[in-house]
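K.L.:
Protein sequences appear in the order of chains Y and V. Numbering-wise (this note's numbering), the first sequence opens with residue -14 and increments by one. Numbering-wise (this note's numbering), the second sequence opens with residue 51 and increments by one.
FYI, nobody ran anything at the bench for these hints, they're computed from the structure. Every residue, glycine too, gets a C-beta built ideally from N, C-alpha and C. Relax, there's no trap hidden among the hints.
Some chain V residues near chain Y, calculated using beta-carbon distances under 8 Å:
hint, residue
1, Arg64
2, Ile97
3, Glu98
4, Lys100
5, Lys101
6, Glu102
7, Thr133
Straight line, CA to CA, 20 Å or less: simulated EDC-like cross-link-like pairs of lysine to aspartate or glutamate:
hint, chain 1, residue 1, chain 2, residue 2
8, V, Lys100, Y, Asp173
9, Y, Lys(-7), V, Glu198
10, Y, Lys163, V, Glu98
11, Y, Lys118, V, Glu102
12, Y, Lys180, V, Glu98
13, Y, Lys15, Y, Glu(-9)
14, Y, Lys163, Y, Asp186
15, V, Lys101, Y, Glu124
16, Y, Lys180, V, Glu102
17, Y, Lys112, Y, Glu124
18, V, Lys101, Y, Glu179
19, Y, Lys180, V, Glu87
20, Y, Lys180, V, Asp90
21, Y, Lys118, Y, Glu160
22, V, Lys101, Y, Glu121
23, Y, Lys180, V, Asp109
24, Y, Lys249, Y, Glu203
25, Y, Lys7, V, Asp109
26, V, Lys260, V, Asp168
27, Y, Lys118, V, Glu98
28, V, Lys294, V, Asp259
29, Y, Lys(-7), Y, Glu3
30, V, Lys100, V, Asp78
31, V, Lys101, Y, Asp173
32, V, Lys101, V, Asp90
33, Y, Lys(-7), V, Asp207
34, V, Lys55, V, Glu98
35, V, Lys100, Y, Glu121
36, Y, Lys249, Y, Asp223
37, Y, Lys112, V, Glu102
38, Y, Lys7, V, Glu112
39, V, Lys101, Y, Asp171
40, Y, Lys7, V, Glu87
The lines below spell out each chain.
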Amino acid sequence: MRKLGEAKVAELYGNLFEMYEKITGDNPYKTPMMIYPAIHYTMGGLWVDYNLETNIPGLFALGECNFSDHGANRLGASALMQGLADGYFVIPYTVGIFLSNEIRTPKFNPDGPEFKATEKAVDDRLKALMNVKGNESVENFHRRLGRIMWDYCGMARNAEGLNKALGLIRELREEFHKNVFVPGSDRDFNPELEKAYRVADFMEMGELMVMDALDRNESCGGHFREEYTVDNEALRNDEEYAYVAAWEWTDTNTPPTLHKEPLKFENVELKTRSYK
Amino acid sequence: MSAMKLTLHIWRQRHANDTGTFETHVVDANEHMSFLEMLDVLNQTLIEQKKEPVAFEHDCREGICGACSMVINGRPHGPLGGTTACQLHMRHFQNGDHIWVEPFRAKAFPVIRDLVVDRGSFDRIIQAGGFVSVNTGAAVDGNTIPIEKDLASQSMDAAACIGCGACVAACPNGSAMLFTAAKASHLGLLPQGEVENARRVQAMVHQHDKEGFGRCSNTYACEAECPKEISVSNIARLNRWYLKSSLTSNV
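Go ahead and model the full structure; you've got the sequences and the hints to work with.
P.N.:
Okay, structure coming up:
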């Protein structure tokens, strides 16, 4: 501010300063900003091949929902970068490859058995959530899950905490399916039912994140394991962990299968990143 | 943190064909909450009483997605200028206030439930605009098409539109001209979007009328209520482009 002056700072970051003022009621041009660390983003996403196709043929995943561009770290403005790169430069070419092989596939019959079975599966799941008729709101479960993740799978984690989190999430999931209360009906527009459906997914997702964090015995990028440090800096283990972990889901009661995709570097040498 | 007791008169409507009515609730809030967080507290209380919560739309809660849409005390997004409902904090209200909360009301925005309206008409206006021709393949060097700063800034300002629909809710004619003008301007001002400009302008304006939005009569209510402070000069630009393209386009 002293160096550039208020006008120049406003031109560059005016929208952020305005946003800050709206939230806090303080003028950031005059008073120092109050900041604290928080989780903004989690690395990873759906597994895709180089054509951005998932392991379900014909289902493509673009942008930050896939795992393709972000490694152990994710940097600023990357949401735009990945959305634009996938949308402009990859998918216009690769969807066509899939579609060109589909030209002989006859039109699907929405009354066919596959459609009916899927419709029934979704409907059963919705009805199951409606019929729990318990005493605790979806929001409470979401917050309790968030608290477990924040406490034990946050910016710094260790094996003891992660193991504890696994147990807590499993207990919470059981309790959720016995005691959640979803108001309204499954035949109306019902945002609480949609949220319950998502929180049920978050339980599985949270458990997977904890399992993955537990499996990786090193500190790397956003994954900082308290046991693996040297002089308080992250200690990677490239011998054993220079791979991308792709977890294959089977069903809720079976542990996911780990597929390792090795990271090979031909032109760069792996080095420790030090902030000192 | 100072606590507040507020009386909310909030619109409840089960579906588009329901008559709908105001329902009164007293809610305990505090000055640090955003308006949506205050509604979260109300909903949590309703759910604990085994009642149905108030349906409202929200996503980013940082003023950039355009999902939150509600009329607060007669004004889209509430009393502050240049602010979305999610960025409106309770310190701008007084303890004991009565607050009236309604959905955006317009013919082209049918109510889905309570405060949630169907803004699919906006998507169809954008879709009508069609594609922008760009050569794919090897990326063009960034400096091959120089764009002066003023033009880039005007386009960026138009691109700030988050498509929330406050302009429509504010307009006595239920017109979406500010939205349509912002979307047309942000593409048409730049050389990349200039190629299809005539066709795009014609198609978007026709779609706007087809969706049942009203005509613009320059009341400027849209500009006053726009949370992104989009200027009505965009409408003037769209009018010029529309006239020009009417004389030259095949559409």
